[in-house]
Every structure is written in structure tokens, then in C-alpha cells.
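Chemist: Chain order of the listed sequences is B and D.
Sequential numbering of the first sequence, starting at 1, is according to the working numbering.
Sequential numbering of the second sequence, starting at 1, is according to the working numbering.
Don't read these hints as lab results, they were simulated from the structure.
Cβ atoms here follow ideal geometry from the backbone N, Cα and C, with glycine treated the same way.
One should not assume that every hint holds.
[Unchecked claim] Derived DEER-like restraints, expressed as beta-carbon distance ranges: (1) D/Pro384 to B/Gln42: 20 to 26 Å; (2) D/Asp472 to B/Gln42: 35 to 41 Å; (3) D/Asn729 to B/Lys64: 49 to 55 Å; (4) B/Ala105 to D/Glu451: 32 to 38 Å; (5) B/Lys141 to D/Tyr781: 55 to 61 Å; (6) D/Gly595 to B/Lys64: 27 to 33 Å; (7) B/Ala105 to D/Arg470: 54 to 60 Å; (8) D/Lys780 to B/Gln42: 20 to 26 Å.
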Amino acid sequence: MDVSRRGFLKISGAALAASGIGISLKPVSAYAQPLKIKYAKQTTTICPYCSVGCGIIVSTQNGKVVNTEGDPDHPISKGSLCSKGGSIYQLSVNKNRLDKPLYRAPYASEWKEVSWEWTIEKIAANIKKSRDESFKITNDKGQLVNRAMGIASVGSAAMDNEECYLYQKFLRGLGLVYIEHQARI
Amino acid sequence: MTNQWNDIQFSDCVLAMGSNPASNHPISFKYVTKAIERGGTLVSVDPRFTQTSAKAHIYAPLRSGTDIAFLGGMIKYIVDNGLYNERYIKFFTNASFLVNPDFKLPGENNGVFSGLSGTKYDKATWSYQTDGAGVIKKDPTLRDPNSVFQLLKKHYSRYNPDIVSEITGTPKDKLLEVYKEYAKTGQTGKAGTIMYAMGWTQHTVGVQNIRAMSIIQLLLANMGVAGGGVNALRGESNVQGSTDYGLLYNVLPGYLKTPVASQQTLKDYNEQNTPKTKEAKSLNWWSNYPKYTASLLRAFYGPNVTLDEAYSYLPKLDDGKAYSWLDIFDQMYKDKFTGFFSWGQNPACSGPSSNKTRAALTKLDWLVNVNIFDTETGNFWRGPDMDPSKIKTEVFSLPCAASIEKEGSISNSGRLMQWRYKAVNSPGEAMPDGEIISDLFYRVRELYEKEGGPGREAITKLTWNYGPKRGDGKIRHLDIHAVAKEINGYFLEDKTIDDKGVKKEFKKGQLVPAFAFLQDDGSTSSGCWIYCASYTDAGNMAARRGTKDATGLELYPEWAWSWPVNRRIIYNGASVDPETGKPWDVEHPVIMWDGAKWVGDVPDGVAPPGDGRPPFIMKPDGVASIYGPGLKDGPFPEHYEPLECPIEKNLLSPQFINPTAYRFDVNGTDMDLRATCDPRFPFVCSTYRVSEHWQTGVMTRWTSWLAEMQPDMFVEMSVELAKLKGIKNGEKVTVKSVRGEVQCVAIVTDRFKPFIIGGQTIHQVGIPWHYGWVTTAMRKYAHDDKKPEVFTFGDSANLLTPFVGDPNTMIPESKAFMVNVEKKGVK
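So that you can see chain D by itself, here it is in the shape it has in the complex (with noise of 0.2 Å):
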């Protein structure tokens, strides 16, 4: 999230696409209420008629996949009505970078953009246009046709309402209420904000999904201002922190990237990621790279290993290949992982295509599983179809604490460190995962201290500094605080810097204020300079409990901590006029300034007022990018129909697909299977959540308060589909796909109703995918335990998802693919 759960009180527009946050983040719509009661409005657009839904002033449905179609329309309507803040798109955004003449429209070029050969695109003809000194040319006014304004406005103009209600299936009347009353955030003082989730991440096309919308809120001025900015709902207490600590193949913490093997050495490394601007007035903060590496190296592996040695104990990649989730079981399918880690994890339901990812699991040596809870993961041997007496896998399950049995912190979707303290002991012999991991990090270093292999030293040499040691070396007990200080970061040697002009000294040892004190030379550590301020001298920031608003805007300064710097809005250097200084919304100022200074929220980016610093500054060129040529799949989101779909065309373009999706059907496995406008699959399927449940159930499945609301697996659809098929409310029906089956109960509601789509009619289905075999009855218990009833029922919605994924984030497509649905003993 850009802006905080509080902050959406502000807004004007509510928009709820993509997401269903009065059902999967319940306390979120406390704020969504209060907008409402100060006089806002909320749109939800949903293929189902959610709760959500059902507290909205417009509803308008939409098929699955076709979000891009939708919002491409939004931004027609809000260009060709004038409905934009000029000022702020000129000040804040490329609208007026001029991009290379030969760049060409997927309008004008077949449904793609001009460089595409095969599955990937030449970005050669997306680049700007510079002058002789290597500054992006611009037209202030916007007229130029190869401005990026003109082209955005040409891109669009394609999306007129007919073809987009013909697309999407969404009423026009419902679409242009929609548009008009969104737009209208665009005046001068008001705000609209975004809640999405999932609903747009899941798709073949998700990063274009929140392209589309990023572009909007840019249009609107909606960005960096208190009730606005575009806010993911995500879907765990902790995904966020997950994240920003790198537990990905492509990041470290604090969003450095991974080394690739072009990258020999550190210098390399550094030079290639560190970005550079011709802009004169651009900071590009990104130009600090080298010191969050140095500094993350020295969290590594000390002050006593040079940072070029450490980096070389790095791992590096291959250029260009991917190493994601879809390619670690797409290779563990093709034999080749002798072993696997699923750590607080459950993919042989979480994951797309369960029976891939199952079938995986049995060609492992071994295989690790920690959890609180049985899992589908850690029990695969003795799943449906599997036959253990057949299967080598050795499997180990490691019990560990629940989150109120150890000490620690999580960041919450509004990018909040908060602390957490123990409040009782783990049942039996469970452990926290950090002491799990302490002890499989001894016994490693044991090993290879003892016995040698290669690659030695990079296990060797790692620094454990976590707490008092013992005479054999090792750390008494696992101190969490010493691991969030290592994060935040010390200074390793004795250190004058200079501060905006005044010379600041810091002692070896002491905690690093900041991470703009951070450096490149190795005098200082921080294992994610993100979080460097998050545990200073002042003590731990993420344990904070005061509750003052100076502001009026709920921006709680003094409650916990935020990444970064404790900025609780991000972006909010543009909630101010460029020029003047003066807030855009004067009722809700995110920052004001004083004559002197920035008050109110952390200031982000943003000069004295009249100064040109374009706030943007994590990008380059200082400036938001409507324009977006970095990613893999076009500058502009241009819509392409999901990998499985019910219309045989796409029809916008030529184009059907996204041309450059991450694909394993194409000459791929068994288990690799699509089937798209198949008439053994004829309606479109997408999976949701209940409030009761979280991600597979493996928590929520074994709470009975929560199993009982929700037991058992369902399929909902509409009246008019179960008419057709014959099946009545509660009766156990089949839903198929290509890739396999699952037994559901069927919900007959009005919350679907068929769409029309290009004349004909479509229906669609939707599934929760918190479901799977393992339960109660499969536990065994002491002789005095009375043992519960089994509290759930049916298997993973993953049986059914396809195995193929965004192109930039390699996210599977689980949100729109095709199924059948059967009553038992009818075709």
C-alpha cells in the first residue's frame, strides 16, 4: 500500500476492484464505512456480487480478465472529458517525455507493440527521444504527438464503452456510472483510492492491471494524497515483510537486485544497478545502491571479509532465466531437486495445479516441512492417488511456535513494523522458526568447518552474532532483538559524516539513526536498509505505543514504525502543488510548509516548494510513468484475453493472449495442460476466500470455531447456470478442468448472474481454494484425548488452476480459467 488502512477514511471513491475487502480484510472496512459516512462513495466491481458489494452505491460486474478492457475505458473517458489535473501530470509524470517516433500502438501494429519477435519484445523503439546531452525531450504542452499524453490518448481512444460492455460484460449504463463517478476525484482537493488484491494479481496480465489503475490515479492526482494512492490488499500478516526481506529469487532485502553471472564482481554489480538520470533536477535516490550493498554484505559476512570477497560468495544467476515458483516445480516435476524446503508454507494446495506440484513432491530425496498445523505438503506420500510404498521421499515435519509463542515483528500491508511478545511457551517440543533455523545453520557450518565442500566459506564465514555465546562458539539462545538490530544496522567503525552541511560523529558499535547514513565503504552494516530507523539508540521503533495525531489524519507517528524513514503516506511530496508549495486537498494536508520545513507526515522526495525536485524520486527521471517501457509485456496495458477463456478471439485485436505470458504449455510436461474456448469447459472459473478461512485452511481448517461456519468446499453460480445443468442449491457436484477435478457443494445464488459477451452468453463460476484432504481424522492422539470431529471437507480449488504466469512477476493465472461443472452420474 502506498498510503495506510486509516487513511482510505479520506477518499471520495472507494474503488474495490479485484478485491473483496469486507469479507478478506474484514477491519479494513471500518475505514471504507467511514468514508462512506463522511459522504463517500464506494464502487465495487466484481464478476460476483460480494459483501463488498452489497454496502456499494454502484455495483457493476465483470468477467474475470477483463479488468484491463474496464479501466482502459476509465482512462478514455477521463482524457476525452478533460477530467484530468494537467498540472499535476505535467509536473509529476512522463506525460510530456517524448517517446521515439518509431514506437508503435498495438492499434496500429496487430494488438502488439512495435518489437515483439516470438514471445518477447526488442524494446529498442520504446525509448525516449534525447537532446544532444542526453535529456529526455519534452512538450510542456502535451501536444506533441509522440508525447507519451498523445500516445496514451491514441492508445485508448480504441476503448470506447460498446466494445468494452461487448468485452468485459459489464452493462454500459453500469460502466459509464462507473467512470463518472470515479473521475470525479480528479477535481482539485478530492481523492479516490484503490483497493485491489489478488483479483488482479492473478492473471496472465496483472502487472497491467495495476499499470492501468496507477495510470488513472496519476490522471486524477490521486496519488501521494491522503484517501488516494493504490493500495494492495495483501494476503498475509507478514507478505509484506516476506518480501521486503527477499525471500524471492530475484530480490535481497530492501529490493536489491539478485546477482546475475554477467555480474563478476561487486563493481559490476553496483554499476549496472545503479541507475543514472540526465535530469537536472531528478535526486534518483537509487544512486545511494552501492552503500545499501556494502552494507548488506557487512550484515553478511562481517567486517573481517572484504565486500569483494563476500559478494563473490554470492549466488548468482543466469542471465535472464527465471527461477520462480512455477520453475522450482516445473524442474522438481522434471527430477531435478534432491531436496526442498516448504517453511511455513503449504504448496500442494497453494500452488497452481496441485497435481503438478503433488506429483513433484514424490521425485524429492527428501523433503523439509515446517508448519503449526498438518499439511497437504508434509502428508503428500499418503495423499489421494499416491501409494507411499512407492515413493522415496524422505520427509521430515518440524513443529514450530504460532505467532503468540515467540518474539518478533511484522509488517502489515501499510508497510507497519509491528512488535509482537511472547505470551506462553509452544506446545511439546515445538520451536520458533528463527531457533530452528539457528540450529540447521550450526549444524551446516559444522559440517563443512569439520569436513570441507565447496563453496565453503559461504556457509563458514556467514556472521551468527544473535546473543551470548557458548565455549563451543555457538549463541546461547536465539536473541531476536540482536537479529533486528543486525537489520537495522551499526556502525562497524568510527565515523564523521557530513549531514546537509553539518558533521555528525558516530561511534563503532552504535546503531546506524537512518539509512541516509548508511555508506559504501564497509564502516557500516544494515541487513535491509529499508528497515534501517526501525531499531536505533531511541530504542525498538516497531514497539511503540503512542496514539498522537497531530495531523487529524490518522497517521499515528508514534504507533509502531513504517518503512521507510516512518513515512506513513507514501509519494506525499506530491500532495502539494510543484510550484507553490500548497496542498492540493487544504481540508487533509498530507504535508504543509511552514516557511521553514515540511510538517505533517515524513516528507517524501520533495524540495522546498518552487524548487523543481520532481518527488518521484525513486525513479530516475524523478517522475511517475505513465509511460512504463521497463516492463516485459508494453509500456502501455493493452488487453488480451486469459490463457483460458470462453471467446475464441480477442475483440480488440488481432492479438488473443498476452504474447508474452509465462507459458509451460508450449512443448511442456503431461501435467502442462490448456483448454481454452473448449466446449468440454465452457465457463469461466475464478477462486475467492471466505472470512473464515486463510490461504489453504492450514491454519483455519484445524480451529473449529471457524471450520464449523465454513466446513466444507462449494462451487457458487448463478440461478440461470443451475437451471441449465439441472443442479439445486446443496447438492455435491464435479468441477473440472483440464488439469484435474474437485467435489464441491453447489451455491445457487443471484450473486452471478450470466454475462453477455460479444452476443453470446457466458456464465461463470467461483470456488474458495481453502480446502484439503488432510484432516482431523488422520491425526493421532493420546488415549485420553477425546478426538474432534472432522471438521472439513473437499480438496484444493488448485486441482483445477493453470500452470502458466504474468510475464513480469510470473504470478499464476488463478483468477480466470475455464472448468466444467457436473452433477454426480451426469455428463
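The shape of chain B in the complex, shown without the other chains (with noise of 0.2 Å):
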């Protein structure tokens, strides 16, 4: 099991096939058949809960995750997994995951599900707005210091690297100088 699990990366389709590759496949592949994985394709990703970075293997069938578990090839976690790295399988195969834009209007006790496209647009017009009206050129001294003031944002420690980057890009052209996250708190 070991054996098969670890070498499943490292070893093309191709490979497998070929023979002398120095172990033995027929007891594994016997033990591999009634695995839900066998036709599942692989990916690997990074734990996303704390910052060890564990790597996780995800299998996929169909378009659905079918198994995730510990990466036998990660220097750091090699296969282990906390309790909470073993469990993002149900990260993606949850009921209760997000799926449409929400909207709460001013004084609603409801969400309404709307368009991305309307709720783009009203955003949009919301942080022109709201830019507009707190943008400073300069500052009580007369110095130059186009930012707006009226905005501010907190996050995100979840997004990947190139996403908070792309998100800090955005909110300094906007002028933003209210920008925060988890790493404050």
C-alpha cells in the first residue's frame, strides 16, 4: 500500500507499464482495485488551514472530489495529516458552501440571490461613490496624498499569493489606505 501510494506520482502511466521497474506491481495493483481512487485523477494541493503547509493529494472522478489524504512524497508532512488537513474533503462536497452572490438590501431582514453581473455593477458604482466623496488630493498640510478615505478593507490571509497581491494592486490604485488583514490581528 505504502509502496504503490508513493510511487503513484512519481510513476507515468507509461512506466507502469513497463516492466523492470525494480518492484513488484501485482500485489499492489491486486490491493488497488477495490480502492475508490483507481480511476480518479490526481491533483496536489497545500493544506489551507494553518501555516506548516502540508501537502494533500485530491482525487478527483467526474468532477467531483472523491478522496483527499496526506502526500507520501511532502518533505515536511510526509502523508500525515491533522485533523483538521484530513477533513478537506468536505471543504468541496458540503451543502453548505456558498454558491450564488447574496444581497441584503438597507433595512431587508432577507438575502436575495442576484447576478454577478448586477452585483459587479452595483459595487462597482458603490466604491466610485463612495471614493469620489472621501478622495483627498492633499492633506490638512497641502500635501499631496491622493487616497480615499471613506473605504477601508480587511483580508486575506485565505487568498493565494498572486490574489493578494492583485488585491493590494487594486486597493492602492483605488487610493485605499485602510488596508488590513489577519496578520494585524
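Put the two chains together into one complex, using the hints given.
Modeler: Shown next, in the form of C-alpha cells:
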């Protein structure tokens, strides 16, 4: 079991078919037969919880996650995962995920489902209004500051690096100075 | 982390203090266990006997908020017993530097350093003595009474074990046992490491907690070596990355400073931020500052906007003013914002003083909340004590992709940037955060192009070249590799660069191989200079899966990529003798001189042996700071009581609390309450985490496998306190502070014991902070869905926490505050 899982990512399909790779695949393939991941596609990921950065293999079939488990080749976690890392299957297969943009109008007591197009347009209009109303080209001393004081942002350590970069680029382009996130708390 | 997770196994003594890795970073404990198997010891110092304590050779309890007293006592022990590495501190630290004779220590100045005026220090007397040429005066014998070393000795002479024990509540024999064990790592060839987390940062003396340990690590020659370092166990999978990328008010990507108003031009900005030194041998790496600024401005605005113009677009802070988390929610409560983004975060539960935070949200015109699950922030308008019909805020809830539904990189606590692949699509219409940001950017830009507005160009001229474009100039979809490449940086024109005497040719459009090649003239771009070398002509370094381990130190240089320049242990230039180049630890050398070059890890700051270059090249003077005059609250850590504490005075000095703490309770709002030594709130309280939940529970509370294991908000207390209050294990109780209350299940354990502080018995309790009032009961489901049972109960621990911060970082003091615990119906 251990040998086959470990070898899975290293050995391509072609290599598997070839003989003489140094290990006997026979008992392994016999054991692997009933596994639900047999026909699954595998991708690697890194755990989204704490900052150890453990490796996880995600098995998907027909566009659905069918299994997640520790990546034995990962040099830090070496196949281990904690309770949280072991549960990321449920982040994907979960009825409680938010799957539509929702809008709560002023003074309303309910959410309303809305389209992305409407949502983006409305938020953009809000951003423009708040920014224009609060934009300060100069401060009280007359120094050039080019900043929008009426909007603040928090987030996010939950985003990928590339998204963090894009987000701060966008916010600084807008002129925000109140930019914070999890690292401060 | 200065080192890496795997490196912990090479420690001869692992100190877990201000952290509980066995529970909160469970897989890291693999390497603590390995260290123990190799003969190392584990020391756990914590108010509570944690899962880490259970595996420790030595457990020492201490009262929350007294770490500096504990560590100050250790500094005294090391100095008094001559257990420091004299060569190391002489060559690699500022121990020999001579300080202004007018500088006064708290012991001779009523508990504060010289220069205090109100709540701020005038640091004039904290300066160094210099000669006519401006070079810092030094005494290599470390005997001058004004030398940093002698001042350190004098300062901590007050921290004797008796007074330390009285303040911390740690039994004196346990203190000395810890000091003796940890100080052994000062022996040549031995290494000690510190694993700390929010248990150290969330205090009004947070930075000084870490400074105290840094001083110990320098005295014991533990910086730069295998099994050493100062290791922050960061709380989120990418909080290292999000910090590196400048999602904070005070830093731009790569820790460049956010411009302030007095820096009106790029020239002013660079001049004020580029450190200068008169130390002949110092490399002073930050002298390259203008190159990183220019490259960042190019990444923002491209080559068609001049650097000066691009700089003028950047928003500027007012000099000396903070725009931190605490400021945001204080200003919001005072009605100063109309709009707010809460992106991948849940401030209604995660920030201090949740009641203030939640009330602040009602003052907004609009709130954009982006998350994968419902949060208390997005739903604040229908929360406890809220009347939706009176709340004007428009709220947008945007569903985003989970980590396995998009592609990109994250950086772990050890600065290791690892690539993640997309496994599946997001449910329904949920989108990756990057796509949402991109859509918003285009729509806002369009509005400014059409309608104009103040500061129009700052947004319309921002470059957004992340994939093939359609006829309307927008990208078809966000190519995350294009973003990763912009972060690394490009040559924007053909360029010949002299690289240590060798001419190197680069073509326009080529990726920059490393930040040493970045330029200040606008000919290069880089969105985050410390990540330059992460995505080069050789490919995406973060995606590498090589497992070669040539050094045997488990550095795995071909696994993913670590900033800076794939260095795995930073400050490793200090792992070798300054004159001979011989590794301090010959069994585990991080770097070695092979006669012509350094081999092993990517060397840090070090020149050929005997060259005399001090290796802490990010410091202008090239050495590590035992004396740290850059901080707001003093050049040495000094013990002060938390803003809320159980005793009426500081047992060490007449100065009760940190005089420079970032406070809001003085002339504050009705929400900014403080109750110290108040009989209504007699127990010390600290927040902590459990393995099964994460942060405010925003992901784990929706995950039944986890939620079922830890369903309820609880308060953990000693058998003695339970008896005193007549509380039984499992009973429902209310935990109250002056700011709020939260319902909890009482867990009565032996893990807490009462402390004897200054002769009186003091009780401490602990609460996890993973809970919130939004549950599955509030969700709407399709007709054919089986509605899940309610997984969790209880609300946020932050309903209780104080709205006060460390003066340097402004991180709130969530680890030491005062509460009461009441049985239902019993006051």
C-alpha cells in the first residue's frame, strides 16, 4: 500500500506499463483494485489551514472530489495530516458552501439571490461614489496624498499569493490607506 | 520563521512558549518528536498544561502576560553564569557598541527608559556614541559601562528568580530548571529553538516578548544555525504570503514602506527609506531600496508612466498616524467610512471587542463580504441584539472558490512558497477571489474612464496584463501564471548588467533571474522583490517537487521555493566562526567554505572567511540587535503588567503598564472599557485554539467531521476555581468581561492551577475563540436537500477581549485580560 501510493505520482502510466521498474506491482495492484480512487484524477495541493504547509493529494472523478489524503512525497508532512488537513474533502463536498451572490438591501431582513453582473456593477458604483466623496488629493497641510478615506478593507491570508498581490494593487490604485488583514490580529 | 519546520529536529532544546504546537500546528510536532528522539529536550512554558506540555521534559506554568519577566530572568541567568558565546556576540551583535551616556534604564528611572514624555518616547538619549567620522564607538572587551553588553547586564540584574517567580507565578525551582536546560544550548555545537505564536504577539508588550527571546538566541549563538532561530508559528496557511504582499497599511509588497505625506517625491521617499551606514565592513543590503521601489512602481503602472508620476499616484499616509485594524474599527464605529470590504475574513468574530466591531458594521453604507461559507460579518445585520429594520447597510455576499478550486501559490511559516493546483470547479457560481478582483477592477476602471473623478489616473493607468485580451481590452480570464510572473519581474528593455565582474546580457521581456539584478532606473519590474527568482526562465519554482537532500539537514532545496533566493535558513552567515569560517556545529553545518565558495544552504550575508563582513546584512550596521533603539517602547524589553491584570502594581517598578501601549480607552467611546484589578472581574483569561477548529471557525464550523468533535464554546478552569464558584464539569456558565459576555460549557481540569502572585492566589481561565452565532440553522436549502443538523453552539471569545494594542505592531491584547465566570442564576 505504502509503496504504491508513494510511487503513484512519480511513475507515469507509461512507466507503470513497462517492466523492470524494480518493484513488484502485482500484489499492490490487486490491493488497489477496490479503491475508489482507481480511476480518479489526482492533483496535489497544500493544506489551507495552519502554516505548516502540509501536502495533500486530491482525487477527483467526474468533476467531484472523491478522496483527499496526505501526500507521502511531501518533505514536511510525509503523508501525515492532522484532523483539519484530513477533512478538506468536506470543504468541497458540502451543502453549506455559498454558491450564489447574495444581496441584503438596506433595512431588509432577508438575503436575495442576485446575478454576478448586477452585483459587480452595483459594488463598482458604490466604490466610485464612496471614493469620489472621500478622495483627498491633499491633506490638511496641503501635501499631495491621493487617498480615499471613506473605504476600508480587511483580508486576506486565505487568498493565494497572486491574489493578495492583485488585491493590494487594486486597493492601492483606488487610493485606500485603511488596508489590513489577519496578520494584524 | 528564520528556519524551517524540518529543521526543528536538530534542536538540542525546543522551547514552546506562547504556543501549543502539538495542538495547533500538529504536523510540526513530527519534528519536535524527532528532536526528542535525537536526545533533545522539550520545554513547555504556558499558563495551561497543554498537549505540548504533556510531551515536555519540563513544564513550567506562568501567568499570562508575564513572559518578559520570565525571559528577563533567563537573560540574567545566562549573563551571570557566563553561559553566552562571547565570540558570537562580539562579532555578530551590537553588544560592543557604546550607548549615549545620558541613556537611562528603567531601574534608575522610575520604571521607564529615558525620554518618556506622556505616552511617547523622545529617543535622543537612546543613540550610539560615534567618533569624528560618524562610526559607532565600540569596546570589544565588552567592559565599558556604556556598552550594550554592560547595559544589558545592568538592566536584567533586577530580574532575580525571587521577583520573577513572584510576578509570573512560576515556582522558583521550575524557573531555574528551565533556565539551566535552555542555557546549555549556548555551548558550541548545541542549538536551541523557540516555537512561539499568538501567545507572544497578542500583548501590549508583544514585540518585546519576541525581542527578549531574540536576545537570548543571540547570547547563546542560536541564530543562523541548524536547530536554532526564532520561529513564529504563523496561524494561517498563507498569512506569511499575505504579509509579504503588503496587505497591511504600513507596508507595500516586499516590506517597502507605505509612503507618508512628507515624502512628496520618489526622491524624498527613497532617501528617507534607504539606510546609510558608516561601518566600513557592513554590506547594508537595504541600500538597494530604490531598485525595489522602481521595480514595484513599474509592476503597478508599467513603462509608459514615469516613475515619478507612478509614485505620485500611490496613496500617502499622514506622518506618524496609524491606520491599523484597531483604527479601522474605531473609525468605523465613529461613522467615518461608507464602504468596507471584508475579504476572506470574519472580523465580527476575529477582531477584539466584537460588540464594538459588530456595532461599527451598522454604520456602513455598504459592506462586501467574500467567503466560502456564511460568516457572522456578512450576517451581522441579523445577529444577536440587531434589528434589521434599523440597519441601513447594504450587504453583498460573494461566494468564492476554496483552495482546491483554483491555481496559485501560498507561503508557509518557513517562507516556503508552494504551488497548488485546481482539482475541481467551485460549487454553483462561486468564483476564485482573483477573478472577482479582476472583474471589480475592470468595472471600476470603466466607470473612471467614462465619468472621470478625482485621482482618476491612479486607477485607469494601473496595468492589468494577465492573459490574452478581448476586443474590449479586457482579459478573457485571469492567468494566474501571468500574475506570478509579474510578481517575479521582467526586464522592460535590453540590459547589460555587471555581475561581480561578469557582463550579463538580458533581453526585453525576459524574467529577472534574482533580485540582485533589479534596477532603480525603471528598466525592470517586480511586484514583490523578495519573490524575485520564484518564477524565472527555468520555470515556476514553487511547483518543484525535488526531494534531494545533499546536506542531510532536510533543507530540500529543490522542493518548491523559499524566499529570499531559495535560502532555507536565514542569517546562516552567523552559523560559522567569523574569522575561520568553521561551522559552530560541525555535525550539522548549514554552510561550509570549500576553499573557493560556500556550500550547503544559500549563504546569507557572509563573505569569504576572515573578510570581516558582519552577516546580518539587513541591518545597516551589519549586526544583530541586542540593543534595539528602533522600537517605540524601549531598546530592551521591560516587564509591564497587561492593561487588565489581577494585581494593583507592577512588582518590579513604579510603572504599572506599558506607557506607550496603543490605547483607545482614554477618552474613548462607550465601547472602549477597561477594568483592571476590578473585583467584578477577578480572573485572568486567555484565548486559545483547539486542533479541530481554525480561527473563527469560518471553515471548520461548517465541516461536520470537525464540528462534531468540538461542538461547543467552553471555558476551561481549575478544580480549585470550580470549587470556589460551585461549578461542575459540563455545566453551562457565563464568562463576562467589562465589554461583553459569552455562554460557555465549563470544563473543569487539572490543566489549570491557581497561581500565587505577590502572595495572593490568582486564578486563570482559558477560552477557545472558534465559535460564532451563525449556524446551519440559518441556511436555506433546496427542497430535496437533507438539512444538516446544527453543528456548533456559542459565540465569539472576542466579545470579551480588550481594544488595545502593542505600540509597535498594534496587535490587540487578546491573551491577557480580566473576566468573571458565573453559574446561571448565581452572581
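Chemist: It remains to establish, for every hint, whether it holds in the given structure.
Modeler: Against the structure, the hints:
1. As the Cβ distance of proline 384 of chain D to glutamine 42 of chain B is approximately 44 Å, the hint placing it in 20 to 26 Å is violated.
2. A hinted range of 35 to 41 Å holds for the C-beta pair aspartate 472 of chain D and glutamine 42 of chain B, which are about 38 Å apart.
3. Under the hint 49 to 55 Å, the C-beta atoms of asparagine 729 of chain D and lysine 64 of chain B, about 43 Å apart, miss the expected range.
4. For alanine 105 of chain B and glutamate 451 of chain D, the hinted distance range of 32 to 38 Å is not satisfied, since their beta carbons lie about 24 Å from each other.
5. Under the hint 55 to 61 Å, the C-beta atoms of lysine 141 of chain B and tyrosine 781 of chain D, about 56 Å apart, fit the expected range.
6. Evaluation of the 27 to 33 Å hint for glycine 595 of chain D and lysine 64 of chain B yields a failure: the beta carbon distance comes to about 58 Å.
7. At roughly 33 Å, the beta-carbon separation of alanine 105 of chain B and arginine 470 of chain D lies outside the given 54 to 60 Å, and the hint is violated.
8. Checked against the hint of 20 to 26 Å, the pair lysine 780 of chain D and glutamine 42 of chain B fails, with Cβ atoms roughly 35 Å apart.
Hint compliance for this structure: hints 1, 3, 4, 6, 7, 8 are not met, and every other hint is.
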